[in-house]
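These are the residues of each chain, in order.
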Amino acid sequence: MSRDHILHKVRTALGRNAGQAPEPAPPVRLTIPTQETSARIDSLCARVEALAGKTYRAESDADACRYVAAAIEGKSAVASNAPLLAECGITALPNVRSGFYESAALREACASAGCGITSADYVLADTGTLVMLASPQEARLISLLPPVHIAVVASARILTSLDELLSLLPRPAEQTSSMVLITGPSRTADIEQILVRGVHGPGEIHVVVV
Amino acid sequence: MSAAFDEKIHETLGDSKLQFAIYASTARLIAKREHALEGDNLPDYQELRTHANALKKNTIDNLDYYLEQFEANVVAHGGKVIYAKDATEVADFVLSLAKERGSRLIVKSKSMTTEEVDFNKRLEHHNLESVETDLGEYLIQLAHDRPYHIVAPALHMTRFQVADLLTEKLGVPNETVIEKQTMIARSVLREKFLTADIGVSGANFLIADSGAIVLVENEGNARLTTSAPKIHIAVAGIEKLISRAQDLGVFLKLLGRSATGQALTVYTSFLSGPRRGQEIDGPDEFYVVLLDNGRTKLLADREKRQSLYCIRCGACLNHCPVYRKIGGHSFPWVYSGPIGAIITPQFLGVQHEPALPFASSLCGACAEVCPVKIDIPKILLELRADVQKSNLREGKGKMERITFRIWAWMMRHPRLYEFAGMAAASFAPSSNGGWLREVPAAMNLPPVRAWLSQRDLPPPPAKSFRQLWRER
Numbered sequence: 001m002s003r004d005h006i007l008h009k010v011r012t013a014l015g016r017n018a019g020q021a022p023e024p025a026p027p028v029r030l031t032i033p034t035q036e037t038s039a040r041i042d043s044l045c046a047r048v049e050a051l052a053g054k055t056y057r058a059e060s061d062a063d064a065c066r067y068v069a070a071a072i073e074g075k076s077a078v079a080s081n082a083p084l085l086a087e088c089g090i091t092a093l094p095n096v097r098s099g100f101y102e103s104a105a106l107r108e109a110c111a112s113a114g115c116g117i118t119s120a121d122y123v124l125a126d127t128g129t130l131v132m133l134a135s136p137q138e139a140r141l142i143s144l145l146p147p148v149h150i151a152v153v154a155s156a157r158i159l160t161s162l163d164e165l166l167s168l169l170p171r172p173a174e175q176t177s178s179m180v181l182i183t184g185p186s187r188t189a190d191i192e193q194i195l196v197r198g199v200h201g202p203g204e205i206h207v208v209v210v
Numbered sequence: 001m002s003a004a005f006d007e008k009i010h011e012t013l014g015d016s017k018l019q020f021a022i023y024a025s026t027a028r029l030i031a032k033r034e035h036a037l038e039g040d041n042l043p044d045y046q047e048l049r050t051h052a053n054a055l056k057k058n059t060i061d062n063l064d065y066y067l068e069q070f071e072a073n074v075v076a077h078g079g080k081v082i083y084a085k086d087a088t089e090v091a092d093f094v095l096s097l098a099k100e101r102g103s104r105l106i107v108k109s110k111s112m113t114t115e116e117v118d119f120n121k122r123l124e125h126h127n128l129e130s131v132e133t134d135l136g137e138y139l140i141q142l143a144h145d146r147p148y149h150i151v152a153p154a155l156h157m158t159r160f161q162v163a164d165l166l167t168e169k170l171g172v173p174n175e176t177v178i179e180k181q182t183m184i185a186r187s188v189l190r191e192k193f194l195t196a197d198i199g200v201s202g203a204n205f206l207i208a209d210s211g212a213i214v215l216v217e218n219e220g221n222a223r224l225t226t227s228a229p230k231i232h233i234a235v236a237g238i239e240k241l242i243s244r245a246q247d248l249g250v251f252l253k254l255l256g257r258s259a260t261g262q263a264l265t266v267y268t269s270f271l272s273g274p275r276r277g278q279e280i281d282g283p284d285e286f287y288v289v290l291l292d293n294g295r296t297k298l299l300a301d302r303e304k305r306q307s308l309y310c311i312r313c314g315a316c317l318n319h320c321p322v323y324r325k326i327g328g329h330s331f332p333w334v335y336s337g338p339i340g341a342i343i344t345p346q347f348l349g350v351q352h353e354p355a356l357p358f359a360s361s362l363c364g365a366c367a368e369v370c371p372v373k374i375d376i377p378k379i380l381l382e383l384r385a386d387v388q389k390s391n392l393r394e395g396k397g398k399m400e401r402i403t404f405r406i407w408a409w410m411m412r413h414p415r416l417y418e419f420a421g422m423a424a425a426s427f428a429p430s431s432n433g434g435w436l437r438e439v440p441a442a443m444n445l446p447p448v449r450a451w452l453s454q455r456d457l458p459p460p461p462a463k464s465f466r467q468l469w470r471e472r
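Chains as they are written, first to last, in my numbering: chain R, 1 to 210; chain D, 1 to 472.
This is chain R alone, in the form it adopts within the complex (with noise of 0.2 Å):
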């Protein structure tokens, strides 16, 4: 079997023994700034319109509710099973399909979906990041068949940046199968270098801070 001959090679290369303990890794290497709420806020404001996503920062969760129901206007929608959500009002509204705990039925109602609405696990402030963990609460494909992506976002959830990230969560892989940072809509630059957005997954994504 290749791989007891692949090891054997690679020691051999090495000059190391099977069991052998590793030499000590260089020091972890995390910045994490302090930084108010607001400021934060601001930030992640900033980024996410840099990159052409909407952002919009609402006062209270009817508020978010109202924002999303404009936005979703005419279209069909599936929203996550996070409870955020349900709080806000979203899962209610007419035209959006939510509840779903079976993967055959949800991957139907995304394909066919004009907007999926979620929540997020944690924001990153520096680059406008959202930071989905799948999970009950939070299926893959919400996020990525239907064209337009709203996430719905408790401030309190907004990092500093990707260390922050990986300091709250050493080892992602303990709580989840599948991690996803999201940087803006979907894009390409394949042809001659030009920009064009929504190639595979949603070209428009909305931030709404409650």
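These are calculated hints, taken from the structure and not from any lab test. One should not assume that every hint holds.
Listed next, the in silico DSS-like pairs over lysine-lysine satisfying Cα-Cα at most 30 Å (straight line) [as the list claims (entries may be wrong)]:
{"hint": "1", "chain 1": "R", "residue 1": "Lys54", "chain 2": "D", "residue 2": "Lys180"}
{"hint": "2", "chain 1": "D", "residue 1": "Lys378", "chain 2": "R", "residue 2": "Lys9"}
{"hint": "3", "chain 1": "D", "residue 1": "Lys389", "chain 2": "R", "residue 2": "Lys9"}
{"hint": "4", "chain 1": "D", "residue 1": "Lys230", "chain 2": "D", "residue 2": "Lys121"}
{"hint": "5", "chain 1": "D", "residue 1": "Lys230", "chain 2": "D", "residue 2": "Lys85"}
{"hint": "6", "chain 1": "D", "residue 1": "Lys297", "chain 2": "R", "residue 2": "Lys9"}
{"hint": "7", "chain 1": "D", "residue 1": "Lys32", "chain 2": "R", "residue 2": "Lys54"}
{"hint": "8", "chain 1": "D", "residue 1": "Lys85", "chain 2": "R", "residue 2": "Lys9"}
{"hint": "9", "chain 1": "R", "residue 1": "Lys9", "chain 2": "D", "residue 2": "Lys57"}
{"hint": "10", "chain 1": "R", "residue 1": "Lys9", "chain 2": "D", "residue 2": "Lys373"}
Model the placement of chain D on the given structure of chain R, informed by the hints.
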């Protein structure tokens, strides 16, 4: 130099449209990278490079330990690890799994490693359809071409060529607007994603302490590839390992900025094992194929081992004055540019294309922009020495050796040397002060001709150095 290498270079140099396409695209990528690094955009850029180099050195120097740690963690999360020594073993594994599961259609996200093993063709031989889903790679596959650039595979194609290609292969009306071309590809590929049985991805990083793979992309095709089908297979070189998830901060900050000038690419997926208990969607099976394919050969050399630190950002290609003239297809293998020039001879042997390490001006731009500080010029020099050693062993380059022996003998006989110099000057064609492109027939011996094919001669001086010395 092989005839094919020579021919490809001249073909590229003679194609003015292609020259413009390469120059313009790489210039844009250079500008984007510069913008992403200027001012306060990444103040600790140099420290991050040094740190990334140290992290990669630690992982590669202890690779066997991290491979086993990675494997144990993948298994702990319900996945499987397959070691493959070459292209055949990769194809064999995928084929047997597809047969067992009755799979017909594979969707693929962009991966240089699968290019390296000629994945799609091998599967097509066995009637298994494997569709590239990255827009650039999809176009390349439709055209039966190979990637022009590590990051921008269709860099050499214009929108007009794309329009003709889509019309020819898909039967759609000719469409030259790039947005509309993209939407055509989207709708064709969306159908494939929703019907595919297997998704095959590469991996930008393998994380030993998590048993996870990390994928970095902008389109969303890698997310679809790894989320929609029931089976996900990641194919990655063994050198893609990093030891800890927490080190991702360092690498992700460098990778996006160096490649396309993005602080983070649109999607960064951190995937470990199949869908778990209560999760709603995701694959039921998760495999990681760890590929050797020549990598273990490199490990033995302490100096050249650093070639395996590469994170495939493509910055060295964009900044290379040679790549920017001769383009990606002149290079003899799937990896082009400076990084291709150092890994191709080490993976495939120096005699695969002996001229490759010499096709460089050693200007050092590649080393300056490399986010993990690989000393590419130094490795090129070492490879040049390896080529010479290999030539000696194989009895090649006899003419060169004889010529230099004669030269050395003449240098030891001053009078003869002076006489030869005078003779050469008197034979040389008259010059009006310009450089000489050719010499008279009597002097046009094969070694002289070979030398002159790449160079011009300065005009012969009125007096030699020796004459001037005597007259001083």
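The hints, checked one at a time:
Between Lys54 (chain R) and Lys180 (chain D) the alpha-carbon distance is near 23 Å, which keeps this suggested pair within the 30 Å criterion. Between the alpha carbons of Lys378 (chain D) and Lys9 (chain R) the distance comes to roughly 25 Å, so the proposed pair stays at or under 30 Å and holds. A threshold of 30 Å between alpha carbons decides the hint, and for Lys389 (chain D) with Lys9 (chain R) the separation of about 24 Å falls inside it, so the pair holds. Note on Lys230 (chain D) and Lys121 (chain D): the hinted pairing holds, with a Cα-Cα distance of about 23 Å set against a maximum of 30 Å.
Distance restraint check for Lys230 (chain D) and Lys85 (chain D): the Cα-Cα separation of roughly 26 Å lies within the 30 Å cut-off, and the hinted pair is therefore satisfied. Restraint check for Lys297 (chain D) and Lys9 (chain R): satisfied, since their Cα atoms lie roughly 8 Å apart, inside the 30 Å limit. Under the criterion of a C-alpha separation no larger than 30 Å, the hint pairing Lys32 (chain D) with Lys54 (chain R) is consistent with the structure, at around 23 Å. Distance hint between Lys85 (chain D) and Lys9 (chain R) is fulfilled; the C-alpha atoms sit about 11 Å from each other, no more than 30 Å.
Among the hinted pairs, Lys9 (chain R) with Lys57 (chain D) is consistent with the structure: their alpha-carbon atoms are about 18 Å apart, no more than 30 Å. For the given pair, Lys9 (chain R) sits about 26 Å from Lys373 (chain D) by alpha-carbon distance, which is consistent with the 30 Å threshold.
In this structure, every one of the numbered hints holds.
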